[in-house]
Amino acid sequence: MDQSVVLIGLANVLSPMNLAVIAGGTLLGLFVGAMPGLSATMALALLLPLTFSLDPATGLSMLASLYLAAMYGGSIAAILLRTPGTPAAAATILDGSPMAASGRAGRALGISLLASFTGGLVSGIALLTVAPLLGRIVLNFGPVELFALAVLGITIIGSLSQGSAIRGLFAGTIGLLLGTVGMDPTTGTPRFTFDNIHLFSGIEFTVALIGLFSVPQAIRLIETSQVGQKLASRVTDRMLPGLRDTLRLAPNMLRSGVIGVVVGLIPGAGGDTASWFAYNEARRFAKDKSRFGKGEPAGIAAPEAANNAVVGGALIPTLALGIPGSSSAAILLGALMVHGILPGPTLMTDHGDVTYTLIWAVILANLALLLFGLFFTRIAVMVTRIPDGVLAPIIIVFCVVGTFAINNSLFDVIFMLGFGLVGYLLDKCQVPLAPMVIGLILGPVLDTSLHQSLLIGQGSWGIFLQSPIATVLLLLAAVSILQATPLFPMLYRRIRKRRNGDGTDPTQMNKTD
Amino acid sequence: MARYILTIVGLGIAAYFYFEAQGYPTAAGQLPALVALVVAGLSLLISVEAFWARRREAAQGRAPVTGTAQLPNLKGVFRATVFASMIVAYVWSIEQIGYLLATPPYLLSSFLLLRVLRPSLAILVTALIVAVVYLVFVVLLNLPLPLLPAW
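Those protein sequence lines, which keep their order, are chains A and B.
Sequential numbering of the first sequence, starting at 1, is according to our numbering.
Sequential numbering of the second sequence, starting at 1, is according to our numbering.
Chain B on its own, in the form it takes in the complex (with noise of 0.2 Å):
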């Protein structure tokens, strides 16, 4: 079914990009109308490819490997889910409240949710790794990192 999924996307991404080339100078469109042309094509052949796989699998009487067939790893999906959540609220809140205040809260709980470390160990590798961070990015390398709010 990923497959499936991805030719839909690989068409779609080739589509906006020939068309919107097609708006192009003749210089600055060929490119991407050629590649996009070319992508279009190996996205049809990512799906005739799936479903040639699935089609010699039960021809050999083996259960497809492609596809939903596979037994996907709930916990971890769930717990790659909860962390890719985590992450993007990080990166906003970076941009809300400033690294000094955002970063602790995520690693804090990023340890503590997925219960990797203990809390006493979890606040010491949690202010470890802020003022690291701080003092070679800011302080060493001068990087003008937000680090607090801009309110």
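Looking at chain A on its own, in the form it has when it is part of the complex (with noise of 0.2 Å):
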């Protein structure tokens, strides 16, 4: 690891504007997350155009904080509400709301916010450590490899999407289609524009990203919402955790902070398996299981660990390879991008201050998660009640001017439209959206790679088998395929069967989720 450019990055980090942006970042976030029906997807993806402005380093910081407190802010609607206010903090509700009908809401919050706190801190340590080693191997990537990667990307996210593997693959697929309008980048050709200058350039992805992810969400909000208050349990106790609690609950939040970082570094599974993954495990480990769900601190230390973790966990392939581990990181790389800075092996050398940047935001986002965290939680619990009705028509507005602010141009926010009103449809259709952004991103990465591949390899496909990485690489894919159809699930069984050698089904006994 470059010590100097590690130096750079805290340095850059610590400037008044960016302690200034970090702090924003995180009340905005803290905010955010509280509101149900808005997820840290859609916050990030309309803070984006407002960082054009910043310095590339600055407005990351600014999205990485943000990234990070509405994690944590949406434990709050979780244990006030009984509503998660963003999908990862859906376990927490188990025994959250309990504890807040119990009257110990504040409680509740304060073991939310520590395990938030523990959970992001071993996953900026694991960013920081991780990413540069995998990003050394990387170096020695050639365009072979690259496609490779690039396939394993692809085929990850889709198969590993929520719901069915078909329909995130369809999903991925249909992205990548739409990463190769525009230009060829080695003809010059234009392709699919339908002689629209717009298009030359290609679909801007941070358009797609704006209407994907904020147009459906805010149509869904209307959908869903009732007229009337949403009823909010009362914060009367304190919140801080005394010293005997806390280090109760230190194994299993340092446990589940790893199972966080371990489940982001998986390209498309996010922060609500990671948190479900380790109430489980938390669960498995308690002495007393049956505590659970009554409104057990542990039940609420472990998802929140684990959904902060998966922050810096997602950030690892995403900076590394270039490859977003989450669709929120996938906005995080589109920040990289408006700023002129390409993802992919270079980005930890050639942008080293940039990107270690990010990580020590990273890891100071959580210092302020914690401090503004303690402060504003009780105010963060009114914008909980803030009808889905009026966010709804304002996130609108938002979408409009952040997508102009890309490229002053209106085209963009008939485009933006487009993708919402689509995103919305395909949403309907249980088909997954974050793969279709993340083949976006992939398209040309995939279209450039795979020609000099082929002009390497003389117009030969064999190419892809010559290299032993590219070939490990693209039998993942495969397998990652595979694990996604009834065959292994079939195979799994017939070995399980043979093994137990009763005949009975290992797999219809002890579902615990």
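Just so you know, the hints here were simulated from the structure itself, not pulled from any lab data.
It is possible that part of the hints are untrue.
Unchecked claim - SDA-like mimics (lysine to any residue), calculated; alpha carbons at most 25 Å apart, straight line:
no.: 1; chain 1: A; residue 1: 428; chain 2: B; residue 2: 26
no.: 2; chain 1: A; residue 1: 428; chain 2: B; residue 2: 82
no.: 3; chain 1: A; residue 1: 428; chain 2: B; residue 2: 8
What the hints assert, rightly or not - Interface residues of chain A toward chain B, partial, derived using beta-carbon atoms under 8 Å:
no.: 4; residue: 166
no.: 5; residue: 236
no.: 6; residue: 239
no.: 7; residue: 499
Given the structure is predicted, the values throughout are model-derived calculations rather than measurements.
For every residue, glycine included, the Cβ atom is placed at its ideal position computed from N, Cα and C.
Put the two chains together into one complex, using the hints given.
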């Protein structure tokens, strides 16, 4: 690891301007996360245009702190309203809500805050240590390996996305197709542009991102909104947990933090997967399992530590490989691209100062979260009461103005709206939208690396089997698709049956979630 | 039913990209043509998956959860359709009359038609949002947003 770049990053993040935006991003994330129906991804997409005028390191620091704080903010609504502020906070309801109902809302929020801080810190440290190592390995990658890596990225994201793997892959490949719109990077041929000059430079993925993640969410808010005020539990007790409580929960928080980092590393598996995984592990490790679901503090600490740890985990493949680990990480990648910093193996070296500023911002944002969380959580409770019907039209105004800010073009606004409406319909058909955005990012990478690889191989597709790394990556891609087909569960059942020898199907037993 | 429509749409997109790519130089058309074939295959698999899910549920004696059998929240769908139409009208009106004239009617009508705020509060929130967006994006960030009609 180049120490000088690491220190430059630290010095950057400690500049007054960056500290101010980290504070602002944390506060904004806290409030946005607390509002049920508003996800961290949507908030990041809406904030992205605001960062265009900022220095790249400053803009990224703001987005990273918002992302982290929104993860904690999600637990406020989960604990007080029994509605997760973000999907990643769904597991927090199980024990958070009973605690709030029994008059211990403050304590539940305090545990959630402490766990979010611990998880975020664990992931920040992992990001600082693992990403540069991975980045150094990837520096040896040529176009052949990059092509295989992009294929692996899209297959994992598609096949691990929620719901059906087929629909996930469908969304990912549609994204790849849309990523080929515009001038071909090799021959300069305009492709699929309908002779429209606005499409010659391709589909601006930030436009697609704002449309796909914000418009459907705003329409959904209206679709499901109910007239009347939301009833939130009151926070009457103290928030900060005592030393004994903290020490008792520490192993659980650290374990859940590690779970979050590992889950975050896998593209497509987000905060919700990590938090359920950590919750189950916390229950498995507990001496008295019967207390879970009735207001057990460990049931809050585990999911909250895990979902905050996902932030750093998801950023590892994003920064080291240029493959976003989650839709929120894709937006951070987009922020880099907007500033002319291309994702990929050279990110840690050519743009090390900006990359390390982002990494330090993730670590520092945890401190800001702990501080602001203690002072502002009680105020954030108020925003949980804002009716969904008020939020939705305002989101659209920000979408329109934010999209216009990208290229000062009303064409982009129309395009954003088109993506939004299509996104809403796809969502209705239970097609996940994150793989589409990631396909849109990986499309040009795949296009360029395929052409370069075929040039190296003199037109032979066998070139992908000549590189051991590429062969392994493509095999992993094939396995990631196959594990989503009925073939793998069938094989697994058959092997388990043979091993048990009693003909019972173990997969039908002991299903906990 | 929605899944079958998705298959048709997916096949249509794949066909457009595949045949259009045939007219490009090899280097430009290779990847889109390849991905279009994968999209076509996945589109068909979506229908196969939906068909098997229905058959499995029918065999188990359960009501199918896919397709049209699910009872839609009609009131919600109506509200969503009205709101989506208002968004389209808003984007169109911004092009015609600019941000300052298009945004207040859009916000006000949204709040009032969807009955989420009292008229006085709706006017206050509208004024606040229009002013905040103007200050942040136009004054602070110098965004050349079309504020008034060009004519």
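Notebook entry, point to check: Hint by hint, which ones does this structure get wrong, listed from lowest number up?
Noted result: Hint check: 1, 5, 6 and 7 fail, others pass.
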